Amino acid sequence: MNFELTAEQREFRHVVRNFVDKEIKPRAKSVDENHEFNWEATKKMGPLGLLGLQVPEEFGGADVDTISTTIATEEIARGCGSTGLAISAHNNLGVGPIVDFGSEAQKEQWLPILATGQGKLGCLSLTEPGAGSDLRSIKTTAVLNGDEWVINGSKMWATNAGIAETIILLCRTDGAEGSRTLSHIIVPTETPGVIIGPPERKMGLNGSPTHAVTFDNARVPADNLLGHRGKGLAQTLATLTKGRISIGSLSLGLAQGAYDASIKYAKEREAFGKPIGQHQAVAFMLADMATEIQAARHMLYWAAWLKDQGKPYAKEAGMAKLFATDMSERVCRNAIQIHGGYGYSSEFEVERMYRDTRLMSIGEGTSEILRMVIGRHLMAE
Amino acid sequence: MKVVVCVKQTPSTTATISVNDNVVTWEDTGSGKPNVVNPWDEYTIEEGIRLKENHGATETIALTFGSADSVDVLRTGLAMGCTSAVHISNEGAEEVDALDTAAVLAAAIEKVEDVKVAMCGKQAIDGDSGVMPMLVARKLGWTPLTFVAAINEITEDSITVERLLENGRQVITAKLPVVMSVVKEINEPRYPSFMGIRKANRATVPTWSLDDLGVSVSAPRVNWQKIYSLPAREGSVEMIDGDSMNDKAKKLVDKLFEEKVI
Ligand SMILES: Cc1cc2nc3c(=O)[nH]c(=O)nc-3n(C[C@H](O)[C@H](O)[C@H](O)COP(=O)(O)OP(=O)(O)OC[C@H]3O[C@@H](n4cnc5c(N)ncnc54)[C@H](O)[C@@H]3O)c2cc1C
Ligand SMILES: Cc1cc2nc3c(=O)[nH]c(=O)nc-3n(C[C@H](O)[C@H](O)[C@H](O)COP(=O)(O)OP(=O)(O)OC[C@H]3O[C@@H](n4cnc5c(N)ncnc54)[C@H](O)[C@@H]3O)c2cc1C
Chain A
1074 MNFELTAEQR EFRHVVRNFV DKEIKPRAKS VDENHEFNWE ATKKMGPLGL
1124 LGLQVPEEFG GADVDTISTT IATEEIARGC GSTGLAISAH NNLGVGPIVD
1174 FGSEAQKEQW LPILATGQGK LGCLSLTEPG AGSDLRSIKT TAVLNGDEWV
1224 INGSKMWATN AGIAETIILL CRTDGAEGSR TLSHIIVPTE TPGVIIGPPE
1274 RKMGLNGSPT HAVTFDNARV PADNLLGHRG KGLAQTLATL TKGRISIGSL
1324 SLGLAQGAYD ASIKYAKERE AFGKPIGQHQ AVAFMLADMA TEIQAARHML
1374 YWAAWLKDQG KPYAKEAGMA KLFATDMSER VCRNAIQIHG GYGYSSEFEV
1424 ERMYRDTRLM SIGEGTSEIL RMVIGRHLMA E
Chain B
6 MKVVVCVKQT PSTTATISVN DNVVTWEDTG SGKPNVVNPW DEYTIEEGIR
56 LKENHGATET IALTFGSADS VDVLRTGLAM GCTSAVHISN EGAEEVDALD
106 TAAVLAAAIE KVEDVKVAMC GKQAIDGDSG VMPMLVARKL GWTPLTFVAA
156 INEITEDSIT VERLLENGRQ VITAKLPVVM SVVKEINEPR YPSFMGIRKA
206 NRATVPTWSL DDLGVSVSAP RVNWQKIYSL PAREGSVEMI DGDSMNDKAK
256 KLVDKLFEEK VI
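Chains as they are written, first to last, in my numbering: chain A, 1074 to 1454; chain B, 6 to 267.
So here's chain B without its partners, still in its complex pose (with noise of 0.2 Å):
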């Protein structure tokens, strides 16, 4: 049985990121590293590696679709223990939206042969849309498990997990393939060892284009019109003056209630 982890590159969540003229740029002076792995696909891959550990995986796969450059986070899975890894490369279709990128994993997925499990995190900290899981599983035609926050069980066919929903957890078994995405408490994610960073730099990870998995893009659907940051907030601080310890709480209270905090 093989486990595919979708993997997403997007910036790291202390990049200071600006936007000018409709172009979005970012840096982070502090770690070096502007680029990683989405923080919520670092449960994705424990999971993927878990399921090998623990649940009779053979291989744990992990798959990126992007630049050059997101080999990187490829990299980062391998060094925290997949197996291999496949980079799509996102050459001539640099603008993509949402279905087609779906499409594009979805025929990874398939072209990796003998997948059982595909993963991918709750969603994206850049695009955010959290509609991947569902959209890839379309595409395969495959049962969807979202919000997955523990594996039970999987035998040959069936795999029983608990979805956190906002009432409580549910616990359900599907058939397989399934489609998983993953939240934060499924794992606590293992960092990545010097030993795995040095085999994973060694390491060949293929590409592949849009062409060897037969599949074409069309123009967005979806346009971004217009990007901008959002107007810095304003605030004013009001210091409550008071004869005693007690006034100055109840001149609070009131306030609290008149600006409808509590």
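Bound conformation, chain A alone (with noise of 0.2 Å):
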């Protein structure tokens, strides 16, 4: 057994690190007033390599491993929850899906513009406004004409798309209902008849542009289908098996940045004549925080071990981003409480953080639905 990271590991930490300090964690506090995306970040992520994790040399990737995925998506939200989102959204739910199921044409295609940073970003888009963690009861069809795809429907919630150079879209591809006739599709965004609404309004992560996604009569070629047709499901709940231990990081980074904060604070706030973080109850909660924090880094390095192993690794990721999103939660609430009143104030960094930290335990499968599928596993067993 051996919990050091490698060499490359560490390095890749600290590449990250500085970048994240440097160009990412300045512009955090006003990419979520201004609910502007950071694009000067992300055009000098290409070359770095952050914004193709996973996508294999070939196609100008940087191919690190899950570990390293993992350590990379903490890092960047522990600057910045909303760009944490949109990278780790790009990432896993954009590009990821193009590597799993592509054919080589799709690949040569479109790795290269969304990996390095050429083009825009990518997207994912499943969830519709009748239709989020009951995916069956998705809509939005995709009908074969000739050699294209004619597509009409409504989609939600789709982070990236107004940044997104595509859309990956779940849709159904036969007339049935049910799971086995749902399908990827890759649209770019540019494609007539796909009409991008503004926006969403929202509580945090307001540098990660979310929206509502309607498709007219939008038309696109007939291999664009992505994977295999009726396996969309499938497809879809094994991009988001390993959207889990993304979304988990991105949590343990919001958490390690409001606990970052947290201690600073506590050792420079004085009352009753000594520093607060001498007071045992204040104390207790960094104590508390950085407790959780270690096991949810834990969890989460685990989960992406055992992916990296070729092992089943569902469970463990399910476990992983629930423990870890509600433990983000928690430990940006204490952050908020050890500020005080400027805790509350939007002057100080860990209110942003709990507004962001919020969204974790909804999206890519909300808590309630991931201890349905934990509980599976273990009646399975």
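No lab work stands behind these hints, which were simulated from the structure alone. One should not assume that every hint holds.
As the list claims (entries may be wrong) - With a Cα cut of at most 20 Å, we get these calculated PhoX-like pairs of lysine-lysine:
| no. | chain 1 | residue 1 | chain 2 | residue 2 |
| --- | --- | --- | --- | --- |
| 1 | A | 1212 | A | 1304 |
| 2 | B | 189 | A | 1095 |
| 3 | A | 1180 | A | 1193 |
| 4 | A | 1304 | A | 1180 |
| 5 | B | 265 | B | 253 |
| 6 | B | 265 | A | 1095 |
Predicted, not measured: the structure shown is a model, and the values here were computed from it.
Given two chains presented individually in distinct reference frames, assemble the corresponding complex, making use of the accompanying hints.
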């Protein structure tokens, strides 16, 4: 058993941390306040490899392991939750399925643009106004007409849609209902008939645009079918399983950021003649935060390691996300508590982190759905 | 044409440094990496790589003189895009003064062969003497070009650069080979890429000993007799009282005159 990161992983962490401290963290407050996506930093991520974390090198990616991906995601979210979500959604949801299920031609067409930052980002659109946790209720349709798919329907909550090159769409490619008629189709955002709504107004993560997308007779080549016809749901579940490690890492990063701010504040701020961190109630909060962060990090690394070893990891990824997202909310909540009144002020970053982390127990599998998934695994063992 | 970039390993800028009984130690809990590439040398590496990318240099070789652990900075250089690297071991020469350091670097640059441009940073953030470029140039008998803020042109046998001086920029042309020191205005260093890091981690970096270079170092001519931390700065705060804003401002200005701040 070995708990050490490899030299390569340590170096990745150092480089990303450095990048985040210089390019991402200083802009976190303004991207949130101005509802702006941090394009400037994103453009610099391409050459670094952050936009093609698990894309093979031949297509311009960094091709790092899942542990390194976890590290990168944590580090970005530590600096800025919004940028973290956008980049994690890009890598895992927008690009991952092309790597995992794409044909050679699709990989050649899309990966170099997406992974190097030459183009815009990737996006995966599953959720509909009437179908979130229950993806079997999806209504958006794609009908094959000659050598084109004709797409109609409405999607909700598509992260990155407004800043995306491509949307991977989950839709019905055969008339029947149920889970066997769903497929993935790659839709370039430029396609006529793809209507991307204005960014949704949200509680947090304001620097990561989320959009409703409407398809009105949008036509794309038949070759844009991604993976197998009728296997869209299975492909989605495989993608979301990986994505859980990623959302867990975002939560971890936000918690770490909130903890870092808290420990600093607890050493500086004095009350009743001593630093507040020397009052037991505050010290205990810090102790709990550090302990839970450590536990979450180990759970995430463990799930990532299992995946890198080619072992089953769905249950562990679910557990890691479930724990990390709830943990992050507690940590960010207590970070505000430690900051007192200032913590409630938007002048202090913990206020933003608390709002940002709230999404994590909802997106890519709610905590309730995850408990269901974990429970099923346990009962089947 | 080969380019050599001299890279020194220094404590990271965020490290906390402590001194105890003349012994300096440091750690960096935040970044987890107490030693890094001397920040000024990031510009050196970047410019060295650009000479390859834009000015027809055939190779950019990173060079460091230091402990076994200092190979790390060479890997950063490789990850950013240097073609190769050489580590000169300081084994048996842990305490070296600037003059001998220059002799070592100069001998290594000669051993690389066919080098037309050797580059240094403006200064090292630990030693801070800023003398190395001149010393190395003198040892090699090459032209020193310090504080270079832009490289305008390189021909077969000459180089034209802009030097950043206190009262402006000076454009000069010199015959190759040269030893340069570069300032931060010269470029914006790239981040090492993940692909680069992987390649760098797999690269073998040769180590040359002082014997390989035929250099022997003497006892330091400058002795560090005592090392101590500066006493913590003392300060006090005075709140200025007054009946009105104007009154307060006037009192403040008077005080500032009194203290000779303005
Ligand atoms: C900021 C943001 C970004 C997003 N980005 C994307 C994206 O990029 N792509 C995308 O496709 N979607 C995205 N989503 C959508 C997100 O994945 C869904 O909101 C999520 O899956 C939940 O679906 P829902 O909102 O329809 O809630 P519902 O499924 O309606 O759930 C409502 C509540 O019921 C509970 N519930 C539902 N079913 C069960 C059950 N069987 N047992 C117990 N409880 C249950 C849920 O846990 C939840 O508490 C995003 C959402 C947000 C807010
Ligand atoms: C353990 C230890 C003990 C020492 N003891 C003594 C002592 O007893 N007496 C004494 O006089 N000095 C001593 N020194 C200082 C040492 O000699 C200087 O650090 C060295 O000469 C370089 O000077 P500088 O750091 O001021 O570099 P600068 O001249 O400020 O550096 C300018 C540039 O030169 C290049 N450069 C400098 N050093 C190196 C290197 N090692 N490898 C590659 N490139 C380099 C870099 O490009 C750098 O940007 C000691 C240093 C150490 C680490």
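How the hints compare with the structure:
1. Simply put, residue 1212(A) and residue 1304(A) have alpha-carbon atoms about 16 Å apart, close enough for the 20 Å limit, and the pair holds.
2. Distance check on the hinted pair: residue 189(B) and residue 1095(A) sit about 16 Å apart at the alpha-carbon level, within 20 Å; holds.
3. Our distance criterion of 20 Å between C-alpha atoms is met by residue 1180(A) and residue 1193(A), whose separation comes to about 16 Å.
4. This hinted pair checks out: residue 1304(A) and residue 1180(A) have alpha carbons roughly 19 Å apart, not beyond 20 Å.
5. Proximity of residue 265(B) to residue 253(B) is assessed by CA-CA distance (about 18 Å); at most 20 Å being required, the pair is judged to hold.
6. About 37 Å separates the Cα atoms of residue 265(B) and residue 1095(A), which puts this hinted pair outside 20 Å; it is violated.
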